[in-house]
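6 protein chains.
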Amino acid sequence: MYDDIKAVRGVEDVNNFWKALANHPQTLAQVWSEVKAVMAPGALDPLVKEMVYVAVSATNGCEYCTYSHTAAARAKGMTEEMLGELLAVAALANKTNRLANAYRPPVDDAFRTT
Amino acid sequence: MYDDIKAVRGVEDVNNFWKALANHPQTLAQVWSEVKAVMAPGALDPLVKEMVYVAVSATNGCEYCTYSHTAAARAKGMTEEMLGELLAVAALANKTNRLANAYRPPVDDAFRTT
Amino acid sequence: MYDDIKAVRGVEDVNNFWKALANHPQTLAQVWSEVKAVMAPGALDPLVKEMVYVAVSATNGCEYCTYSHTAAARAKGMTEEMLGELLAVAALANKTNRLANAYRPPVDDAFRTT
Amino acid sequence: MYDDIKAVRGVEDVNNFWKALANHPQTLAQVWSEVKAVMAPGALDPLVKEMVYVAVSATNGCEYCTYSHTAAARAKGMTEEMLGELLAVAALANKTNRLANAYRPPVDDAFRTT
Amino acid sequence: MYDDIKAVRGVEDVNNFWKALANHPQTLAQVWSEVKAVMAPGALDPLVKEMVYVAVSATNGCEYCTYSHTAAARAKGMTEEMLGELLAVAALANKTNRLANAYRPPVDDAFRTT
Amino acid sequence: MYDDIKAVRGVEDVNNFWKALANHPQTLAQVWSEVKAVMAPGALDPLVKEMVYVAVSATNGCEYCTYSHTAAARAKGMTEEMLGELLAVAALANKTNRLANAYRPPVDDAFRTT
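Chains as they are written, first to last, in my numbering: chain Y, 172 to 285; chain D, 172 to 285; chain S, 172 to 285; chain G, 172 to 285; chain E, 172 to 285; chain X, 172 to 285.
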């Protein structure tokens, strides 16, 4: 498993997340398989996917994930300006999510039919 | 304020979120100003920003926001395939965030220095 | 238990939350006892406590709780202006929480020693 | 920007959060402007606002924010007893939010009409 | 895929979650495969797994998931008393999580070495 | 209070969580009383309860709680294999919670009537 991770990623050692998952080999195999499939190029490019990962990880407050996926996004070409805009969007979403949760506007019909 | 929202968005009526915010005019003015600035084209294109908004809103479980920003992303060109990939990434991030939270691997030095 | 709830609150019927908890009498008794003790006047007044409850409930996206505690705060004197300011603070906190989660500034020494 | 922060707050140096935001000057300017407006005295006093900030930050598990806003609330007069009551309310809200999420009582009509 | 779901579960129709996932066939296939593997009998019995699912879903406030997994747990033998105790634990955990987040006790050495 | 904690748990010193709660004696007394009642053997055995606690704490990203309750579950007999399966379920739930939040399938009638 580690050899495949190193080959696909072009790295000399796997990072600590994968070593931790090795405590439960089925989980290690399942997660690595899913990461390879989901993060591959498709209708969305890998950098966009990596930035979505950063936004979700910051929303959940996962320290390890925020560090590792910010580094991964930079390795795929994310600039400081792109990171700045990404986090401004994620922060704004976290803010308006709570305004909607509290003021409770009914969902507009137009949004349900698209 | 409503007139500016209608003009910028090219819509005939503002949606229910803005009507709810009108209960506190300072918040309505502040949020609209921030949305215009943050969601404008920049280093990231508006569709990517809208998709990040969907991923964060689904992570937080905000019903109104998930509906409204999914509709907005579709209006900006998001296909079903793009939505499918976006949610697969967001779902995977939510999963690995908790594996990292529980197994607690130390943050790799390489991630801190990039 | 219902009689005590009605007497303490001065209401003619208990609301649906308490009826739902009646499925597990120990939980009903424990929660009612805790609510009475924690929400009573103390170093903080009951309206401040009720507004904190609204802010936490909106953060967690609990629909029932947002409705019930917003109503309770209004019954204790919260005006629309106070609600507007409360939600502006809660929304801002949700936003800056994620900026801190993502940019990861080290905690200033001064904050640890107070 | 730093000079304004130091002047408004009466501090000799800005704390690490603002230095981190300086990576994206638009975000630094926007957040500081919003913090000044939202946290100012109004229908709610600044100490109440600061305590709401602590409750939301603890709910979201933001380490930096919990430290910084607890220190800020103490600087504005929060005693240990007030902190104890604040956290007891926030903890209780987090608990009953999940009981409501799981038992799913319907929202009482009385809560929707106030 | 639907036939396999019906056969494994012994049901006449698949529920709405699977129909929604059909919008993105790769996600439908991946999630169904993972659910079959992860929820199967193992070191933990399926009822315990289903109850863990309910606790997580209530913590996240997912309405659909709370309903569907509570029904699934009941189908596997969960009584009202077991549900009551399950939710009392989940609610308590949500409460003490925030007390720990706010009071920030250092992690005891004994917990790191086990 | 500390003596009772040491006696019930059979430990020589209380852990840091309880020392932190001592800042607000009412909270210390209330939480200890609730923990003793809720975590005691009942319709669910204490190990199952402890594992639910771990799953909720990982979902919320509470570092202290994840460490302390993982240690407690191990002390009650949780093996590495059981931990692996527990976290696989918790991670999967976090993932499908967001797929349901975003695709928004209507709750099946069958789930509401059981």
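Among the hints, a few may not be true.
One copy or any two copies: either way a pair holds, since identical chains are not told apart in the list.
[To be verified] Quick list of in silico lysine-lysine cross-link-like pairs, DSS-like style, CA-CA up to 30 Å:
1. LYS190 x LYS177
2. LYS247 x LYS190
3. LYS177 x LYS247
4. LYS177 x LYS207
Just so you know, the hints here were simulated from the structure itself, not pulled from any lab data.
The hints, checked one at a time:
1. LYS190 x LYS177: Within. Shortest intra-copy distance 13 Å satisfies the 30 Å Cα cut-off; inter-copy 36 Å does not.
2. LYS247 x LYS190: Both ways: LYS247 and LYS190 sit 23 Å apart in one copy and 25 Å across, limit 30 Å.
3. LYS177 x LYS247: within (17 Å within a copy, 37 Å between copies)
4. LYS177 x LYS207: The answer is both: 12 Å in one copy and 29 Å across copies each meet 30 Å.
Every hint, counting from the list given before, is met by this structure.
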